[in-house]
Structures are given as C-alpha cells and as structure tokens.
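Chains A and B supply the protein sequences, listed in that same order. Quick note: the first sequence uses numbering that gives the first Met the number 0, first residue 0, plus one each step. Quick note: the second sequence uses numbering that gives the first Met the number 0, first residue 0, plus one each step.
Derived by calculation from the structure, the hints in this document are not laboratory data. Predicted model only: the values in this text are computed from it and were never measured. Backbone N, C-alpha and C define an ideal beta-carbon position, used for all residues, glycine too. Heads up, a few of these hints could be off.
Claimed, not checked - Quick list of in silico lysine-lysine cross-link-like pairs, DSS-like style, CA-CA up to 27 Å: (1) A:89 with B:9; (2) A:89 with B:11; (3) B:50 with B:207.
As the list claims (entries may be wrong) - Covered stretches of chain A (chain B as the covering partner; in silico rule of three or more C-beta atoms under 8 Å from a C-beta of chain B): (4) 161-175; (5) 181-193.
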Amino acid sequence: MLRRVDFLILLLSIISTVGISFIVLPIIALFLLVDPDILVRSFLKEPSLFMEARHAFITTIEASLLSTILLLFLGIPLAYILARMDFPFKSLIEGIIDIPLMIPHTIAGIMILCAYGRRGLLKGLMNTLNISIEDAFLGIVLVMMFVSFPLIVDTIKVGIMAVDPMLEMVARGLGATRFRAFITITLPLSYRSILAGAILAWARALSEVGAILVVAYFPKTANILTLEWLNVYGLKYAVAISIPLVLLALSLFIALRLLVRAK
Amino acid sequence: MILIKDLLVKIKDFTLNISHLEIRNGEYFVILGPSGVGKTVLLHTLMGFIKPVNGTIIVNGVDVSNLPPERRNFALIPQDFALFPHMNVFDNIAYGLRVRKVPEDEIRRRVLRIMSILEIDHLSDRRPDQLSGGEKQRVALARALVINPHVLLLDEPLANLDPRLRIKARSFIKRLHKELCFTAIHVTHNIVEALDLGERIGYMMNGKLIFVASPEEFLRTKHARYYINELKPLLKFIVD
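Using the sequences and the hints, build the whole thing.
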C-alpha cells in the first residue's frame, strides 16, 4: 500500500515538474538569450532606439496606471453592490462583467472601435467632445480598462463578501450612514483584496497587445514596440526590450504573492 | 416607551405579524421562542434593516418606522458581538461617538467611564481577537451603551458563551441593567435566560407574538411546560 502511494506521489511529482518547467523555461531562456552588446547598443549607444524604447515604456506605464486608477473608481462601487445586494438579473450582470475574459483580444479591440471609435456607436458624442480613440493614448487606456475590468471587479467583490455584513449593520445602528460604514468598516477590512485586484488589473493592462494593436498602434506601447523590433531587427533586439517588461511583471507578481501571504 | 403596532413583514414564504407590543422605558423585555420563529427578523425590522409591509414603530411618541437605521438610535448586539476587528477596544467603543462628531475629549471621558462601569479598563488597547468571549460581550455592551440608545437590541448574546460564563454574564447584565436602567429587547430560545433576565417575556411562535407575561405567569403556561418537560430527564439525571 505504502509503495503504491509512493509511486503515485512520484508520478504526480514528475508530471508537476514538467508543468512547472513549461512555465519557467521561457523565462530563463529569455534572460539567457540576452545579448549584452545589443542591450548596450539599443539602450545606450543608439539614442533613437533608446528614445523610442523609453517613450514606449512611459506610455505603457502611464496608460496602465491610469486605467487601473479609473478601474478602482468604477470597480469598487460595482463590486460592493454585487457583494452586498440581491436584485433581478444579477447573475446576468456578473456574466457580462466576465465577458472580456473570454473574448479573443483582437476582437475585444474591434468591439471597442465599434462602440467608441470614429465610426462607432457613440460617434456623435465622441465627435461633439472632440475625442478620438484611434491611434491615441485614450484608446490604449480604454483597451486596458476593458481587458482588466473583470479581474479587478471579481477580486474586490470576493474581498468585500468576506467582510461580515453584520459589522456594517452594527455600525449603522451606532449612527453611521451606509457610506460611512463602508468607508470606516468595509473598506479597511477589504483593502488587501482591493490592492490585489489593482495589481492584477495593472499586470493585465501591462501585458495587453492584441486589442491595442487594433485600436491604437500609436503611441507605441512597450508590447507593440517589442513586436515591431521582432519583425524589423530580429529576436535579439526583441529580447533586449522584453527584459524590463518581464522584470516589472515579475515584481508585480512577487508583490501579489507577498500580499496573499500577508492575508 | 416603544410601541409596535400592526407590524407585518414578509420575506419569501415567511410572515412576521405583531399586532401590538408596548415596552416601557427602562424595561428589560425578553422575546422567547424556538429557532426560526422570526425573533431576529423582528430585531432587524426594528433596526430598520428590513422594511415592513405595514405597521408603525413609535419611540417616545415619535414614529421611527421610516427612518434609516442610523437615525433610529437603536443599538444592536448580535450573537457573535461583531466587534470591529481592525480597531482596538477603545476605538470600538468610541465608534458611535465619533460618528456623532462628539468632541474628542468628551469621547475619552465617556468611553473611560463606560469601560470602568463594565470593568474592562485594562482592555483598552487590545484587539478583538485578543479577547475572551466574556470580554467581547462586555466590549459590545459598552460600545452599544455609550451612545445612550433608545433601546438595546440583544440577539442571543449569551449563546456563544460556555455554560459557566453564561451564568456569570447573566448576573452581570442584571447588575448593569439595575445600574444604568437602559431599555432592552433581548431575544433568546433559552428559557433560563428569559426567566432570569426578563421583567416581562414575550413568547413567539410561527412569526406571531402569542402572549406577553411576567416570568411567574409564563411558568404557568403550557409553553413553559414544554420547556420544563424537555429539561426534566436532564434534571433526573443530575439528581441520580
């Protein structure tokens, strides 16, 4: 019996190692393939390449941060309503929120164009406000918000659901309005989930490329530039520009793990 | 005085119907009944968390039926006490006063006074997870009483305590009530608790208030006999 269990554990361990290696290998390979000469040439010796890369990184970080902040404003109230209230068609709304998770990224971009683009559903309003999303910073922000929306709402919703509603009820009995009870009780008790939701949304926004390619090729984000350098200069240049992005993504991942462990 | 008139609450298949109930100021009123008869629904309706289909709740001549929970001045003590886990004992007790924008020096004075009455002065800096069941109960009582509520609503507040602590907590609540004379509505399914604490007992069955009686009168009803019959085999076992 013991030997059979040992064999089972051994088999499971081998399969698990293959699975983990499948993920880890490309990360290691990326760092092993870095050509220091190209890294120096692209970032230090050729000012035009450096400026292009720098601009792409700034655009990416600015757009992803702005989209995360806007999502917090939209996501926290929505997550609270979904966590605390029952109403008709609630399951339908929860399903709609998760749609961006299932849709292929290029189609997500096309959907955003259809809604907010120059020839989209809201063209009248967008033209009146003189706002254009095609090849614009705003387009990148909208795309990032669209793809990250379910991650932030679902994570915060789970966090709020974990806060005992009785705490809010007691607070209201003590004289707090619903809003004050939310600010003083629910929000501090669910801040880790809010932070985790924001990190996930930010990481998702950083990694988006397909939908951005459709909506706003310019101003170039780091992902678009990586794709472009891969096509124009080859793999070694693409690797060089990938390194900072991977380091940023890994640091977000570590922050998230620390946050979860702190829970 | 708290007057409840023609109260009708419907939640799916359940109906709560209280045609008339008066509770005097300073009275300790116990609502007794088996689980699932609507005792907690009644408390939540009084608090304003459940909107009744019909009926009025009048407190000292003022109709509070349409007021939101925060404007009724009813304090709730739930079964698990629901202390705010991210605040220490002092901040838990001060919460209701801070919400009311009471000056900080007065908050300090009132919180320290109620802590001294409830003999929890030494717990000021502790977090709820560092308190025993009995200490939690005292902090919850202090937090509710410090705002001078019209009525204290206690939802099975002794159910989570072990039997030895429950006896101690009962005598403590009795002494506290004698000292502070607050109005209380205490719901329980425990007859000993009801007889020991209640100045009057309201008996509930199937969402209805069947009768209101003094503990002595209640003991003579068939409903009390039901509880006593249930206890009899246990008493015999103890005597043996």
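- Query: Which of the listed hints are not met by the structure?
  - Reply: none
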